[in-house]
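Undergrad: Next come the chains, spelled out residue by residue.
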Amino acid sequence: MSGYSITEPSRRQKWVAGTLVVLYALITIMPLIWIITTGFKSPVDSISYPPKVLFEPSLEGYVNLFTTRTRVSPEQLAQLPPPKRWYEEIVRNRDMVIAGPSRYGERFMNSVIIGFGSTFLSVFLGTLAAYAFSRFKVPLKDDLLFFILSTRMMPPIAVAIPIFLMFRKLGLSDTHLGMILLYTAVNISLAVWLLKGFIDEIPREYEEAALIDGYTRFQAFYKVVLPQAATGIASTAIFCLIFAWNEYAFAVLLTSGTAQTAPPFIPTIIGVGGQDWPAVAAGATLFLLPVMIFTIFLRKHLLRGITFGAVRK
Amino acid sequence: MARRIRGLSDRAIAWIFVAPTIFLLLAVNIFPLIWTIRLSFTDFKANRNREVEWIGLQNYQRILTDSDIWITMQATAHFLFWTIFFQVLIGFTLAWLINRKFKGNDLWTTIIVLPMMLSPAVVGNFWTFLYQPQIGLFNYVVAFFSGVDPSSFEMIGSVKLAPWAIVIVDTWMWTPFVMLICLAGLRSIPDYIYEAAAIDRASKWRQFWTITIPMVLPFLMLAVLFRGIENFKMFDLVVQLTGGGPGSTTELTSINLKREAFEKWRTGYASAYAIILFVTVFGLASIYVKALNKVKER
Numbered sequence: 002m003s004g005y006s007i008t009e010p011s012r013r014q015k016w017v018a019g020t021l022v023v024l025y026a027l028i029t030i031m032p033l034i035w036i037i038t039t040g041f042k043s044p045v046d047s048i049s050y051p052p053k054v055l056f057e058p059s060l061e062g063y064v065n066l067f068t069t070r071t072r073v074s075p076e077q078l079a080q081l082p083p084p085k086r087w088y089e090e091i092v093r094n095r096d097m098v099i100a101g102p103s104r105y106g107e108r109f110m111n112s113v114i115i116g117f118g119s120t121f122l123s124v125f126l127g128t129l130a131a132y133a134f135s136r137f138k139v140p141l142k143d144d145l146l147f148f149i150l151s152t153r154m155m156p157p158i159a160v161a162i163p164i165f166l167m168f169r170k171l172g173l174s175d176t177h178l179g180m181i182l183l184y185t186a187v188n189i190s191l192a193v194w195l196l197k198g199f200i201d202e203i204p205r206e207y208e209e210a211a212l213i214d215g216y217t218r219f220q221a222f223y224k225v226v227l228p229q230a231a232t233g234i235a236s237t238a239i240f241c242l243i244f245a246w247n248e249y250a251f252a253v254l255l256t257s258g259t260a261q262t263a264p265p266f267i268p269t270i271i272g273v274g275g276q277d278w279p280a281v282a283a284g285a286t287l288f289l290l291p292v293m294i295f296t297i298f299l300r301k302h303l304l305r306g307i308t309f310g311a312v313r314k
Numbered sequence: 005m006a007r008r009i010r011g012l013s014d015r016a017i018a019w020i021f022v023a024p025t026i027f028l029l030l031a032v033n034i035f036p037l038i039w040t041i042r043l044s045f046t047d048f049k050a051n052r053n054r055e056v057e058w059i060g061l062q063n064y065q066r067i068l069t070d071s072d073i074w075i076t077m078q079a080t081a082h083f084l085f086w087t088i089f090f091q092v093l094i095g096f097t098l099a100w101l102i103n104r105k106f107k108g109n110d111l112w113t114t115i116i117v118l119p120m121m122l123s124p125a126v127v128g129n130f131w132t133f134l135y136q137p138q139i140g141l142f143n144y145v146v147a148f149f150s151g152v153d154p155s156s157f158e159m160i161g162s163v164k165l166a167p168w169a170i171v172i173v174d175t176w177m178w179t180p181f182v183m184l185i186c187l188a189g190l191r192s193i194p195d196y197i198y199e200a201a202a203i204d205r206a207s208k209w210r211q212f213w214t215i216t217i218p219m220v221l222p223f224l225m226l227a228v229l230f231r232g233i234e235n236f237k238m239f240d241l242v243v244q245l246t247g248g249g250p251g252s253t254t255e256l257t258s259i260n261l262k263r264e265a266f267e268k269w270r271t272g273y274a275s276a277y278a279i280i281l282f283v284t285v286f287g288l289a290s291i292y293v294k295a296l297n298k299v300k301e302r
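The listed protein sequences derive, respectively, from chains A and B.
FYI, in our numbering the residues of the first sequence are 2 to 314.
FYI, in our numbering the residues of the second sequence are 5 to 302.
These are computed hints drawn from the structure, not numbers from a lab.
Possibly wrong hints are sitting among the right ones.
[Claimed, not checked] With a straight-line cut-off of 30 Å between C-alpha atoms, the simulated DSSO-like cross-links for lysine-lysine are: (1) B:Lys208 x A:Lys15; (2) B:Lys107 x A:Lys301; (3) B:Lys208 x B:Lys107; (4) A:Lys138 x A:Lys15; (5) B:Lys105 x A:Lys15; (6) B:Lys107 x A:Lys138; (7) A:Lys138 x B:Lys164; (8) A:Lys170 x B:Lys49; (9) A:Lys301 x A:Lys15; (10) B:Lys300 x A:Lys53; (11) A:Lys301 x B:Lys300; (12) B:Lys164 x B:Lys268; (13) B:Lys268 x B:Lys49; (14) B:Lys105 x A:Lys301; (15) B:Lys294 x A:Lys138; (16) B:Lys300 x B:Lys105; (17) B:Lys164 x A:Lys170; (18) B:Lys208 x B:Lys300; (19) B:Lys208 x B:Lys298; (20) A:Lys224 x A:Lys301; (21) A:Lys15 x B:Lys107.
[Said to hold, decoys possible] Residues from chain A that keep clear of chain B, each with C-beta distances beyond 12 Å, as calculated: (22) Thr71; (23) Tyr88; (24) Ile99; (25) Glu206; (26) Thr286.
Glycine residues also receive a C-beta, built at the ideal position from the N, C-alpha and C atoms.
Build out the structure end to end from the sequences listed, making use of the hints.
TA: Right under this line is the structure:
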């Protein structure tokens, strides 16, 4: 726009607004930067006063994150053959030897399996339901949508009581399948709601033309509607994935050994005398970074999704 | 025509498409809800294997007359009020500034949004590190700007400060949500309204109060509804930050409920508690939505 506009803010206004927003943004990402940098600090640097901004990077946090270690006496240490790998050396410097792998890898994989499994299921079922809600006269349609949304008002702990008993009876406690089904049930309300919005935007004429060309309704659905809704499906999937990835309340109550995800595990990483902050920060970094990168790269779809979903409700 | 008949009827498709979702919601939402209602009339304890007795409304009676529950409710109310207050104030201001459309505003918006996309439990746990007296970054920064000794105050260890410690982290995390919804509201106001007002020589101040605020209000109210419901359910962030302590100063309803249900194993009692919470949220939300619709109609 080259013409003069009354509503266009002046340059000075833009500059002031920009400065304030950038200032807020820098303050707000400080804790996140602190997580990432603490992961690369040595234990001493991580708890120094004043807090260290510049430090010598160390991978000790990451080594501690992935291993369990046992303390050995200096005499025993002297008898051992020289360390073969760089991470063995880091551990030896602390008078310890590596005893085995930690459970972090497993917990991270559980998060991946449960996250992607439940995302696939909620988007798959959600797309079908959303299509039906969007295109057909389903009896009690309005009530159903309201019901779907009202399930979100229940605190997760309240839901967890009967789910805990139910899973115990069905043998689903602490299993991947149980968690996938649970997260799908929690996510599906939002998925249907978001997807219905996206499918509503696709003109019905496309399918009607396909039906006249001899497609069955089902063919029209997956050959005409699905490709059109692909972007909407993708951004819904990201929301479901982020929810399942971040979820803590159900995970901490319903899983313990085999199916525990990373969020309940990371806070339990302890070292000598309390939490091993570099290791906690390393674990948090690996866990949070994918979401941060996703958010920055897919910002257009995500930002639209957050407000779209909320404002439509 | 023959090919169309071969396909399923629209009615059949509609049911096939909706059925799995309905089934899942029935199995994982409705059935447990009914079970919870049933349990709430019993003295069932999930860690014991004994005869379950029907005790009628005794659980409800006990909860509604328990003074500890009211302390919990007060903590929740404090948390709800101040988080919503700060998030609306900061969120709206940020949205209003971002709407000045300065260069690079979408990238900075994304950076501001980052905290709300992350796992509250993992981030909350790390905030306990930031809140450490002396070595914590938060204490250091506060000390740097205010001149007080960084080891003289404990954000999560003191009865006075802990309720504010959780408000600060929740505000840090969820202000962007309010901001995004306000931004959607601001962007929905067509330029010509401001142009018309400017032609009528309405001052900027007047334009703000007679155009911007009334038009963003329904969006803002919606944001408040969502934050209200979410923070009434709040568990992960606060349980990692303070675990409800010190004492029970930050023991929000969900944390209290978790204690009753999964530490004391008073399953029947906790079920009644859950039902009371659900009815409360549902009732408050319904009244609020009615008010919201009135604002929208204006």
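Undergrad: Determine for every hint whether it applies to the structure shown.
TA: A quick look at each hint next to the structure:
1. Proposed proximity of B:Lys208 and A:Lys15 is supported: the alpha carbons are some 16 Å apart, at most 30 Å.
2. For the hint pairing B:Lys107 with A:Lys301, the CA-to-CA distance comes to about 16 Å; that is within 30 Å, so the pair holds.
3. The suggested pairing of B:Lys208 with B:Lys107 holds, with an alpha-carbon distance near 23 Å, which does not exceed 30 Å.
4. Note on A:Lys138 and A:Lys15: the hinted pairing is violated, with a Cα-Cα distance of about 49 Å set against a maximum of 30 Å.
5. For the hint pairing B:Lys105 with A:Lys15, the CA-to-CA distance comes to about 7 Å; that is within 30 Å, so the pair holds.
6. As the CA atoms of B:Lys107 and A:Lys138 are separated by approximately 47 Å, the hinted pair breaks the 30 Å bound.
7. Taking the CA atoms of A:Lys138 and B:Lys164, the gap is about 56 Å. The hint is violated against a cut of 30 Å.
8. In summary, the hint linking A:Lys170 to B:Lys49 is supported, as the alpha carbons are separated by about 15 Å, within the 30 Å threshold.
9. For the proposed pair A:Lys301 and A:Lys15, the alpha carbon gap of about 22 Å is at most 30 Å, so the pair holds.
10. Annotation: proposed proximity of B:Lys300 to A:Lys53 is violated, straight-line Cα distance about 51 Å (limit 30 Å).
11. Distance hint between A:Lys301 and B:Lys300 is fulfilled; the C-alpha atoms sit about 28 Å from each other, no more than 30 Å.
12. Distance restraint check for B:Lys164 and B:Lys268: the Cα-Cα separation of roughly 27 Å lies within the 30 Å cut-off, and the hinted pair is therefore satisfied.
13. The straight-line distance between the Cα atoms of B:Lys268 and B:Lys49 is roughly 9 Å, inside the 30 Å bound, and the hint therefore holds.
14. At most 30 Å may separate the alpha-carbon atoms for a hinted pair to count; B:Lys105 and A:Lys301 meet this at roughly 16 Å.
15. A C-alpha spacing of about 26 Å is found between B:Lys294 and A:Lys138, which places the hinted pair at or below 30 Å, so the restraint holds.
16. Only pairs whose Cα atoms come within 30 Å are accepted, and B:Lys300 paired with B:Lys105 is accepted, the gap being roughly 27 Å.
17. This hinted pair does not check out: B:Lys164 and A:Lys170 have alpha carbons roughly 44 Å apart, beyond 30 Å.
18. Proximity of B:Lys208 to B:Lys300 is assessed by CA-CA distance (about 24 Å); at most 30 Å being required, the pair is judged to hold.
19. A threshold of 30 Å between alpha carbons decides the hint, and for B:Lys208 with B:Lys298 the separation of about 27 Å falls inside it, so the pair holds.
20. The suggested pairing of A:Lys224 with A:Lys301 holds, with an alpha-carbon distance near 26 Å, which does not exceed 30 Å.
21. Straight-line distance between C-alpha atoms of A:Lys15 and B:Lys107 comes to about 8 Å, which keeps the hinted pair within the 30 Å bound.
22. Annotated as non-interface, A:Thr71 keeps its C-beta farther than 12 Å from every C-beta of chain B; the closest such distance is 25 Å.
23. Listed as outside the interface, A:Tyr88 is consistent with that label: its C-beta sits roughly 24 Å from the nearest C-beta of chain B, beyond the 12 Å cut-off.
24. In this structure A:Ile99 is separated from chain B by more than 12 Å, as the shortest Cβ-Cβ distance comes to about 25 Å.
25. With a least beta-carbon separation of about 16 Å from chain B, A:Glu206 lies farther than 12 Å from that chain, consistent with its non-interface assignment.
26. For A:Thr286, the non-interface assignment is contradicted: its Cβ lies about 10 Å from the closest Cβ of chain B, within the 12 Å cut-off.
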